[in-house]
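Could you put together the complete structure from these sequences and hints?
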Amino acid sequence: MMICDIQHLTKQFGGETILTDVSLFLNEHDRVGLIGRNGSGKTTLLRLLARLEQPDGGVIYQKSGLTIGYLEQLPVYSETMTGLDVLWTAFEDILAIRSRMQQLEQMMATAPENLDALLARYAEATNAFEQKDGYLLDSKIERMVNGLHLRPLLTRPFHQLSGGEQTKICLGRMLLMEPNLLILDEPTNHLDLAAVEWLEQFLRDYTGTILLVSHDRVFLDAVVTSIVELEDGELTTYIGNYSAFVVERERRLMEQFHAYQEQQKKIKKMKEAIRRLRQWANEASPPSEKLFRKAKSMERALERIERIKRPQLEAKTADVSFSSTDHTSQVVFRAEELSFAYGIRHIFDDVSFEIMAQDRIAIVGTNGSGKSTLLSLLLDELSPEAGTLTRGPSNRIGCLSQHAHFEEDARLIDWFRDRIAVPEAEARHILARFLFFGPTVFRSILSLSGGERVRLQLAVLVHSSVNVLILDEPTNHLDIESRETLEEALENFSGTLIAVSHDRYFLNRLFPQILWLENGLTRYHGTYTYAQQKRTEFATSSSLHVTPQKPKRLSQHELEVQIERLEQKLAKREKPTDTVSKSIQQQLDDLYEQLLQFG
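Each residue of the sequence shown is one higher than the one before, starting from 16 at the first, in my numbering.
Since the hints were made in silico from the structure, they are not lab data. For clarity, every value in this text was computed on a predicted model and none was experimentally measured. Treat the hints with care, as some may be off.
Quick list of the computed label-pair ranges, beta carbon to beta carbon [as the list claims (entries may be wrong)]:
1) L134 - F553: 54 to 64 Å
2) T252 - E193: 24 to 34 Å
3) A259 - E503: 15 to 25 Å
4) R411 - E575: 48 to 58 Å
5) D429 - T555: 52 to 62 Å
6) E193 - T555: 26 to 36 Å
7) G535 - Q121: 38 to 48 Å
8) Q327 - N523: 19 to 29 Å
9) I254 - S79: 41 to 51 Å
Built from N, CA and C at the ideal position, the CB exists for glycine as well.
Laid out in structure tokens, this is it:
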């Protein structure tokens, strides 16, 4: 059954056409992925659907009573409201029914003369409460909290959360509302991998209609059943997930290209025939009116031909290619018993690993596990609390960071030339390869989008002769075509590659080794999918074979051995007041207390 019918929409901004004659039909239970290059108008289309903007032309028909969930911008809540309070606002109508039930309960206890009428009203309220799953609210919130990893945010004031944290809470709130039409714009932003995989399953089970924008190819494959591509202001629909779209789009493009070629041949022949007819007509004595009429008839036939648009087989993308570099030392990084904490907040302890020349390693873990902190340690931006980190003497490190510092009053070309010393003409030529054409190179850094800032950093890295690349969420803000361009360039990079990323396609394509940060560090010699499978197998095996048992009480000798080991470890610490040393001292205190029980 139809819930939304978009017919012939057009939209302009500042004289520029964003959408041209766009039509889209959404049925109940559809799960549609909307894709397109950055700036193609995807968010504009979502805002039109959500009635936040009005089209310049065309109409949008929506089913009567349709509820729409769309997170346009972060709402403002009272400063007294916590993250949990915001989640509960998803159930305001149900909570109002519960409040009415409580009032009726009090009235029935104090006004027995109206008991029959009150009972009838109470039964009506109870029925409405049950119809809306009122008795399941706590379990629904608990499921959302666990799935999106929201627990650390629940007791904190909402207004004090970061933008990313507020977005996670608001995403949870919107999912709890269960609207008929769920509109999601890059929903995996700010989520760690475990939360993304949970969200995939949640959306697959969702009974409403879903329209989502995402550049996450694995996410699209897992969730959507059709793809709508927005290109040059026009929509094209494909049945199937993203992988099916890639195959079908290629088939259609080749079919269109062959049809275009055949039509061009036909047009060329007709033009040549018209030319010859006119020539023969003029050469005749007297000039032949019959041949002129035939030429004119053929010209009208040529004008009536509906031209097939020449398909763009290869989209214009940034020209990213790393030149070959000198190799680093054999050992690029060696970490031994590395520990780090932010004040009293412990991040990781006793982490050891080696990264060798030409290794390709991805660092994976939940948000807050220390991935970006570890990158900062490798970059010498932070110092470890304990342990040693050795860097190869031949390392020439380049970094692409989501937190890169930009002088926002600087011009794009000046920022580039401050890092790559070349004349302005050469700088403009280089920047053009990264899709910064003409006067755009004189724009201020402040005006650049997230994707444009990534391209600018890449332009610097490509011309820096680095042999170690450290990437922190490099695919953030990039559309799918730009991600594929980056992946192709990194495949040809001959140096050492280290990255933190939540893009599973990117991880599986480029990284044959995974460092997983969780309760220490585990190294997997395989892709992200391989590492995830091994973790699942281990968790399943542990749940099958481990049975709960009472903690074993240590013997006097075992206690003495452990105490001696910990005392030696504590004596080696350079900072007896750091977090790790305090943890060791606490363990010692516990063991001393147990030892005293032996007299």
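### Message
Could you work out which of the previously given hints the structure breaks and list their numbers from low to high?
### Response
7 and 9
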